[in-house]
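A.B. asks: Using the sequences and the accompanying hints, generate a full structural model.
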Amino acid sequence: MKSAHVGLAAFETRAGEAARTLLHNQGYDGGWGLTLTSVSSIVNTSEVLPILRAAGIAGQPVRQGLDFLTGAIPEHSRPRPKGGRGEHTRFIAFGLAGLLSHPRFFHHNGVAETAAWCVGWLEDHQVDHGWPEVLGLDDTSLHQTALVVHRLAELRDALHDFGPGLLLPGGVETNSLLERVEPLIDHGVHGLLYHRRPSGAWGWRTYIDTDPSPSKTALCLLALSAVYAGTGPGGEPAYRDVPREAGGVHGPVQQKRLSEVVVEAGQWLLHNHHRWETFVEDDKDVQGTAWEHMAYALCTQAAIRAGASPRDPRLAKAWKLMNDLWDPEAGLWNEPGASGKRATIRAAYYTVSAYEEAMKRLARMNLADSTSEDVSEASAEMVIAHVALGPGRTVLLGACDSEGSVACELSERLFDVVKVVYDAPEAGLSTERIAATLYVAPSSVPKYVQRLNQAVSAAFGGAPARLLLASTVDGASGYRLAGR
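All letters in the sequence shown, in the order written, are residues 0 to 483 by numbering that gives the first Met the number 0.
Hints are computed from structural coordinates only; laboratory data are not their basis.
A hint or two may mislead.
[Unchecked claim] In the DMTMM-like style, the derived pairs of lysine to aspartate or glutamate whose C-alpha atoms are separated by at most 20 Å in a straight line are:
no., residue 1, residue 2
1, K319, E11
2, K255, D240
3, K81, D123
4, K319, E355
5, K283, D208
6, K340, E328
7, K316, E355
8, K283, E86
9, K446, D415
10, K340, E16
C.D. replies: Given below as structure tokens:
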């Protein structure tokens, strides 16, 4: 299905060309602005650095970009009357993203100290349920809180990788900084969960009962996924994925694990793909400036992070749009909008993030060569090692030698088949017992199993996979659950 991920074969070439375009247009101050001729900003410089990383570029251009950030973050975050650009949380959130974009340069002059300065700013300016868009506003911003949680989770993981008790340049010590970061992550997670809707989505504003927002849902999904997916210094989970209170601002409070929240948000995005697959979403939560999310790319990245296959047909229009937005003349991706298409760093950043997520997922599924447009079928059957029942009629499947899990949504009948065997002893159930429990003829059971395993294979992007395996149970033919 080439149409499901149009442009993947050209991604590495295009990312390299985009990086060269950006290098040729790096400002004298080391930064970049929204377009190739705009004044340098924290946001856009922090969006460029991951593009350079994706293209395998480091060295002096990255050091100059980091130098711009270490000077601009505290300077731009001052109030306007004092010469700054305003006390905006996004300067801190995006600034952290840029500082962490190349972990090998975390020892570069000023990086660790500026990251610690950002942590201090976030400590000083917490509000109920997260952080505001700009200081002085009472409302928590979903946009900024999600960005902050995401970047703090990345900082936590980087500090774990550096190891305990390491003294970084500028006198920053990993343990002491980590002790400050973790409560901030808890604060942000609590806020994001509080504003979650029963549908699994988030609205475009906090506290106000607005329509669901695909972009805010994607941002919250990515942030929560980063929180629970991290590992500690010994390889243990960095965040306990235990049931937590979710909801409350609109609707009843539910008990949800972060992994469940992520899967449900991913399912909401897929079910509502028509809301975002070709759209740019205006962010009404941002005060004082026009802000737009490239929803077609942001939501694609989030859906894949939550377990969707990049080959899912519901992502096909978004992939086609991203492919069509490549501008070979500009050497960059265009940004669609009311004023027409123009090449922007924002469009490039969102697009590169989506393609990178797809390539990581395909690599984990052993389905793609990153330089080939045609996705080859896996020659060996996927071995399912972990199975869990998710929300609704979703089954979470983890394959051997693969990170994370794949969400497989089933029909009511097929989910019933899984649940019957899931609840059975490890050895499985006989065909007769399965049929009796489901009130169907024994001859129907193999047909259901075949359809079920086809659905599981589709969830893994078409790779051969079986959730129910033929087995002998008490001397009779039957089925057992894979992974047991």
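A.B. asks: Confirm or reject each hint.
C.D. replies: Hint check:
no.: 1; hint: K319 - E11; in the structure: holds (17 Å)
no.: 2; hint: K255 - D240; in the structure: holds (9 Å)
no.: 3; hint: K81 - D123; in the structure: holds (19 Å)
no.: 4; hint: K319 - E355; in the structure: holds (16 Å)
no.: 5; hint: K283 - D208; in the structure: holds (14 Å)
no.: 6; hint: K340 - E328; in the structure: holds (13 Å)
no.: 7; hint: K316 - E355; in the structure: holds (18 Å)
no.: 8; hint: K283 - E86; in the structure: holds (18 Å)
no.: 9; hint: K446 - D415; in the structure: holds (14 Å)
no.: 10; hint: K340 - E16; in the structure: holds (19 Å)
In terms of the numbered hints stated before, the structure departs from none.
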